[in-house]
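Following the hints, position chain B against chain A.
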Amino acid sequence: KNEVEQSPQNLTAQEGEFITINCSYSVGISALHWLQQHPGGGIVSLFMLSSGKKKHGRLIATINIQEKHSSLHITASHPRDSAVYICAVALSGSARQLTFGSGTQLTVLP
Amino acid sequence: NAGVTQTPKFRVLKTGQSMTLLCAQDMNHEYMYWYRQDPGMGLRLIHYSVGEGTTAKGEVPDGYNVSRLKKQNFLLGLESAAPSQTSVYFCASSWTGQYNEQFFGPGTRLTVL
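The listed protein sequences correspond, in order, to chains A and B.
Counting the first sequence from 1 gives a position; our numbering is that position plus 3.
Counting the second sequence from 1 gives a position; our numbering is that position plus 496.
Only chain B is shown next, with the shape it has when bound in the complex:
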């Protein structure tokens, strides 16, 4: 099993450009999450999904959109990138239920110039 994979691993954008980050999991998990990690701060939840076709806002959703058209994939979109979105982005997935551990992808390092 590959677990949770993310593409791309690195990306440099110019301000105003758009891009989509792809997260895929092969564990049949219902829940998926997108986080951002910035220096000196803890991981912060951007959006999450509790099942195919559903999404919800997390702590820092502004400037991002998500879609979960297939259970195994969770896409994070930046419509008009800003330097403040320079960060490392992590995707995670988990089984249903409140006591389940989250499995993380390797991260995507995004720089917006």
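The shape of chain A in the complex, shown without the other chains:
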């Protein structure tokens, strides 16, 4: 079983829809990261969370440490949000290394 599980694997939405991507992990962590991989392959860090909630523009990330779960929300989705969204965790005691989920492919249709 992977230590980091993302759902769904694939998601298609209409422009304007509210989107949620989920990440569950089975180990103790010190931090959780959300990243975006563009269709061209480039990877960009979106958020780093150790507790609570963070917001940047139309993106919101939350984490529940007790339930070992994080969500990434996109409000008013747009076709330019189409990308792979990746969850990664920094394991407790091994904070230099990240363990990655396999990603969620999001397609937003106009």
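Think of the hints as simulated: they come from the structure by calculation, not from any bench.
Certain hints may be false.
Chain B is faced by these chain A residues, among others (derived, beta-carbon under 7 Å) [said to hold, decoys possible]:
1) Ser48
2) Leu94
3) Gln100
4) Ser105
Glycine included, C-beta positions come from ideal geometry on N, C-alpha and C.
Below, chain B alone, put in the same frame as chain A:
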């Protein structure tokens, strides 16, 4: 600032050939990482470095060697390439500390025939 750069962007090797991938960063980051990304799998850490002159093994180090002779550069070597090393390779760097985001290079697509 260029951020994190990788050379080359694409490469095709024959089984048994060797090559070196170069990663360079201009952000004065202490930590640097090499990952591989394969279809259907998450990024996996090959090797990493926490400072000039230091390297450590990650999750999938076999078949690879690394060197960090200068703080800004992190080299990944394949001594004898195998088809199983066909992958997309990403370099990343970060500040020290466990809560810092990683900055990624654009990737190198390597095919081993």
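Structure-based check of all given hints:
1. Look at Ser48/A: its Cβ gets to within about 4 Å of chain B, closer than 7 Å, so that hint holds up.
2. Given hint, Leu94/A at the interface with chain B, is violated; its Cβ is 10 Å from that chain's nearest Cβ, farther than 7 Å.
3. Given hint, Gln100/A at the interface with chain B, holds; its Cβ is 6 Å from that chain's nearest Cβ, closer than 7 Å.
4. Residue-level restraint check for Ser105/A holds (minimum Cβ-Cβ distance to chain B is 5 Å; threshold 7 Å).
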